[in-house]
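Protein chains in written order, with UniProt numbering: chain A, 1 to 116; chain B, 1 to 405.
If you're looking for bench data, these hints aren't it; they were derived computationally from the structure. Some clues are possibly wrong.
What the hints assert, rightly or not - Non-contacting residues of chain A with respect to chain B, defined by C-beta distances greater than 12 Å in every case (computed):
hint, residue
1, 3
2, 4
3, 26
4, 37
5, 45
6, 56
7, 81
8, 89
9, 92
10, 93
11, 94
12, 95
13, 96
14, 111
15, 113
Said to hold, decoys possible - Here are the simulated lysine to aspartate or glutamate pairs, DMTMM-like style, with alpha carbons at most 20 Å apart:
hint, chain 1, residue 1, chain 2, residue 2
16, A, 30, A, 90
17, B, 159, A, 96
18, B, 159, A, 25
19, B, 159, A, 78
20, B, 159, A, 110
21, A, 77, A, 37
22, B, 159, A, 36
The structure presented is a predicted model; accordingly, all values stated were derived computationally and were not measured. C-beta atoms are modelled at their ideal positions from N, C-alpha and C, and glycine is treated no differently.
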Amino acid sequence: MTQYVLNVIEPVMEPGFTPPPEFLEPIMRKLAIVNDELQASGQWVFAGGLTGPDATTVVRHQDGETLMTDGPYVEGKEHVGGFTIVDTPDLDAALEWAGRYAEAIGLAIEVRPFRH
Amino acid sequence: MTTDDAGIAHVFREEHGRAVAVLARVFGDLDIAEDAVQEAFTIAVERWPADGTPPSPSGWIITTARRRAIDRLRREANRDDKHAQAALLLEQDEPKEEGPVADDRLRLIFTCCHPALSPAARVALTLRMLGGLTTPEIARAFLVPEPTMAQRLVRAKGKIRAAHIPYRVPRDADLPDRLRGVLAVVYLVFNEGYTASSGADLVRADLCAEAIRLGRLLVELMPDEPEAAGLLALMLLNDSRRSARTSGGDLVLLADQDRALWDREQIAEGQDLVRRCIRRGQPGPYQLQAAIAAVHSDAVTAADTDWRQIVQLYDHLMRLAPSPVAALNRAVAVAEVDGPAAGLTIADGLDLDGFGLFHAIRADLLRRAGRTDDAAQAYERAIDLTENAVEREFLRRRLTELRRR
């Protein structure tokens, strides 16, 4: 079995902006179905949603000092908005879950295997 | 069988895919398989001329490669290489089986053409692993520097390993999609050979031959897939016109070709495949394009071409797999039946502005419709967009002729 992270690539939104419920509700419904099926399959490991760049801090260590900067490491129009970690027999199975999520959410999913 | 270098080279090309496929299943790793097979062939080059070619060259290569791989893995396993240990463990789990299994090559094809790899990587891997072409050969064929091609292969194999791209034939539900992907890779190789996208020569025959060889392999491995047979037929029928397509280095259009130069053997084989496909009643895009090519190959002279049947086949193709390029080809056929103006009406509605062939076809239709100025403009646009030197020269000639009038 191999672990993969499925990153949801979503557009960066204005701070405090939430899509209207009539937009979100059908997505959340579809998402719940995929989540339930993934959990039932025994291939679910961990999942979480992430806040936007406005709540992000980058930390570096330089010359004996810890430096912090406000904002994301790379500024962009898109970012990783959430992720699910799966444990599947091979890439095909992970890609299939990614396809299910992409269909439910309508966003691109980045699939990356864990190093082992 | 000869035991000279040419004989061994022939065995190498014929048996490389089979041997790599078996070893990749046994050791679960393409690199190990490829290196071991390479080593076995090196030994063959040393021994066969003196000892004679073994009764089963393929079995000899596989057995030798397997022993070499095990030796190497044992050495590396002692050095605490986890990867080698895993491969060795896998090998011990496998039942001893020296004979090649057709399915192994099928697995290898689907792995090399996996949609998670870039199209360029799929082509390179397929030619390397199944075709047994060397990296310099592939680099030359695609006019890419050798280190670039080597890097492309290394990256593709690295991704197969790191991302755990499976080594198996896809399950039934995914098979139609994945098969389309495999056929597309082979057709891409053929088309790159048939009209080299850039460079001085119009045709690179070695790539066409390689694509046809891969096409035959697909038909052999998947006899129940009519689209595989359709693709092979299409390639054979197109390739049959190869020697007639150029004359003294210049491009000759289908209508002006010396049909005596067409390869009758390839035509007979292609037509036979088309007939057998049609009887199955599961038409697909490759079968229909092959059927269109078969109609052309039936015509003794260009004037004898059954354009009505060709239009019907394009109508069918457009229902099954509509694409702007198919629509453009249909416009050419419609122009033959109903005149250039009818063809132009269809062509003008297509969104193909960045495609050289679109402008070349429009130019020809405009010329035939008597719209000389518009035709000249379209030729200029086509010349700008065409990378192949032979095709560009052809278009320039057409433009000069047009201006002379």
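Margin query: If I take the minimum Cβ distance from residue 95 (chain A) to any residue of chain B, is it greater than 12 Å?
Written below: Given a closest Cβ separation of 7 Å, the condition is violated.
Item checked: residue 159 (chain B) paired with residue 96 (chain A) [C-alpha distance capped at 20 Å] -> 18 Å, holds
Check: Taking 12 Å as the cut and beta carbons as the points, is residue 92 (chain A) off the interface with chain B?
Finding: About 5 Å separates residue 92 (chain A) from the closest Cβ of chain B, which leaves it inside 12 Å; violated.
Next item on the list: Beyond 12 Å from every chain B Cβ: check whether that's true for residue 37 (chain A).
Entry: About 16 Å separates residue 37 (chain A) from the closest Cβ of chain B, which puts it past 12 Å; holds.
Margin query: So residue 56 (chain A) supposedly isn't at the interface. Is its beta-carbon more than 12 Å from every beta-carbon in chain B?
Written below: Fine: 28 Å to the nearest Cβ keeps residue 56 (chain A) off the interface.
Next item on the list: Over 12 Å to the closest beta carbon of chain B is the bar; see if residue 45 (chain A) clears it.
Entry: 15 Å, holds
Next item on the list: Could you check that no beta carbon of chain B comes within 12 Å of the beta carbon of residue 4 (chain A)?
Entry: 8 Å, violated
Next item on the list: Classify the label on residue 3 (chain A) as holds or violated, using whether its beta-carbon is more than 12 Å from each beta-carbon of chain B.
Entry: Incorrect as stated: the minimum Cβ-Cβ distance to chain B is 10 Å, not above 12 Å.
Notebook entry, point to check: When you check the alpha-carbon spacing of residue 159 (chain B) and residue 25 (chain A), does it fall within 20 Å?
Noted result: 37 Å, violated
Next item on the list: Mind checking the alpha carbons of residue 77 (chain A) and residue 37 (chain A) for me, to see if they're no more than 20 Å apart?
Entry: 31 Å, violated
Item checked: Hint consistency between residue 159 (chain B) and residue 78 (chain A) [alpha-carbon to alpha-carbon, up to 20 Å] -> 25 Å, violated
Check: Does the no-contact call for residue 113 (chain A) survive, Cβ to all of chain B over 12 Å?
Finding: 5 Å, violated
Hint compliance for this structure: hints 1, 2, 8, 9, 10, 11, 12, 13, 14, 15, 16, 18, 19, 21, 22 are not met, and every other hint is.
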